[in-house]
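Colleague: One-letter residues, chain by chain:
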Amino acid sequence: MSNAVEPRGLSKIGLQINGWLVYLFFYAPIVLLVIFSFSESRNVGKWGGFTLSWYEQFIDSSNARNALENSIKIAIVVTIISVILGTMSALALERFTFKGKRVFDALLYLPIIIPDVTMAVMLLLFFGEFFEILDNLFGIQLRKGFWSISISHIAFNISFVSVVVRARLAGMSTDLEEAAVDLYASRWKAFRHVTFPQILPGIAGGALLAMTLSLDDVVITQFVAGPGWTTLPVYVFGLIRKGVTPLINSISVIMLVSSMLLVGLSLLAERTRRGG
Amino acid sequence: MRKRESTEHVVEVATPEFEKTAQKKEARRGLLMALPSYLYLILFFVIPLGIVLIYSFATRNRFGGTDLSGWNLESYERIAEPIVRTILFRSLWLAILTTVICLVIAYPFAYYLSTRKPAIRNVMLVFVMIPFWTNFLVRNYAWRVILGNDGPFTKVTEFFGLGTHELLFSQKAVVLGLVYGYLPFMILPLYAAIERIDGQLLEASRDLYGNGWQSFKNVLLPLSMPGVIAGSILVFVPSLGAYVTPEILGGAKTTLLGSYIVTQFLTARNWPFGAALSFVLMAVMLLMTIIYFRKGGRTL
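Protein chains in written order, with the working numbering: chain V, 1 to 276; chain X, 1 to 300.
If you are wondering where the hints come from, they were derived from the structure by calculation, not from laboratory data. One or more of the hints may lead you astray.
[Said to hold, decoys possible] Computed footprint of chain X on chain V; a stretch qualifies when at least three of its residues, placed anywhere within it, have a C-beta under 8 Å from a C-beta of chain X:
#1 74-80
#2 186-198
[To be verified] Computed Cβ-Cβ distance ranges for the label pairs, DEER-style:
#3 X:Leu223 / V:Ser41: 50 to 56 Å
#4 X:Phe127 / V:Ile76: 25 to 31 Å
#5 X:Phe127 / V:Ile72: 24 to 30 Å
#6 V:Lys101 / X:Asp67: 47 to 53 Å
Every residue gets a Cβ at the ideal spot worked out from N, C-alpha and C, and that includes glycine.
Only chain V is shown next, with the shape it has when bound in the complex:
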């Protein structure tokens, strides 16, 4: 539906230049960061000959490796749980009417709208109180770490997954589902064989979003991470605040490449699905 008027003359040139500048703006910093991550110079923004030593330093740093491992573990758990809960919520909202639906709908939007900092504060105070109550009542002593981070990530990811899956469900006609039910398929069978395959791209998109958001989060994680147990972005953030080093360049590039790989894979998957 390319129906906007083709610009003419000067305005066309202006638009073209603006277009190129936007892409330059987007990609120059990323490209420069990748280049400098191979530079021997101790100054992070200076070229001093090719080296892989900063990547070796990353592999040798047990702190960085632990943080990466933690990030991956959390991302996997968070993605699985958020996708299940988010998809169920999306189905409930798009295909059913029930009591309290409007409240639930509004509640589900809140974690998306709320600023990171506010959510971080909320969860910090919550876990503080929660752990204290557990200790006072049952003498159970819990520490912040894997579960507090995972619980927090799921709390915002349910909403993101459900938005993505709902978008898919809303654009889908119910004819096929109805046909299946008319043909005496049970509700579950209709879902399993008709609805589910159709919303799968939405679920995959939601999963990708949940995983990306979990791997990226700094602010909330920083507040709910325990001493000595943290994720890669929080670890990197801490390093940056102490002062920039070439090690941060190499870790950054690894994070950059892995998120691009994730997106690339999902685009590829979508293409093959469409093609096949």
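Fit chain X to the supplied structure of chain V, relying on the hints for placement.
Modeller: Okay, now just chain X, sitting in the frame of chain V:
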């Protein structure tokens, strides 16, 4: 609309009583599917929000702890203090500036995008999406490298004979980082809005001897207003609560609301005050979002 049809369709020929029980069963199913998330959000979102509200009325004791007694409005009154007001206005100003700059860059870009052939357009869109999906922290850090001591930015300004400019740790650097981070949030809803406009309307305005500016002002801009509002809110809201960007690219003189709130918790240890500030921040966001939905925006 459609959902209701689907549930009724199944029991179309049934008797009223049967229909009623079937509907009840459907409602129970719906609730059952929503219930796990419902409970989860109540436990890990609503209750924490309530705790923040309670804390904002509490008192900070001499040891930096919080006494959950002696309820007062002191934390909210402190917002009127000059230092706090300065930080509030600075955050507001930088968020507005970021939004306007994003709008000025993104609008022509989105328009240009909508005039391209579908195949080229898809490729161009993918290249807008990639930065959107890459790690925000890393993208801000890249600017730290570029603007840093003896870095590429200095090289460029020296090359053009502009002398050395210290951009890092200034408000300009923070705005730059915010624009860089949130530009895709502006481009995507703008593109969605402009793409939907019927090009014939623009051609008609040209045929009626409107010049480029007139057809922009009277046709294109009003029709793309939902996209402008959606994009502006999607940029303004996270900019106002920004914490990572000012922390990496800003300096001591660029404390913004987000960092100020974090400071109350991690270093100043004034939790009631921090809680009150977070609550105010959230209220502003909610208000903006309600405006957004009122204006008919749907892109989230």
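Colleague: Each hint should be assessed against the structure and marked as holding or not.
Modeller: Here is what the structure says about each hint:
no. : hint                           : in the structure
1   : 74-80                          : violated (count 0)
2   : 186-198                        : violated (count 1)
3   : X:Leu223 / V:Ser41: 50 to 56 Å : 52 Å, holds
4   : X:Phe127 / V:Ile76: 25 to 31 Å : 29 Å, holds
5   : X:Phe127 / V:Ile72: 24 to 30 Å : 27 Å, holds
6   : V:Lys101 / X:Asp67: 47 to 53 Å : 40 Å, violated
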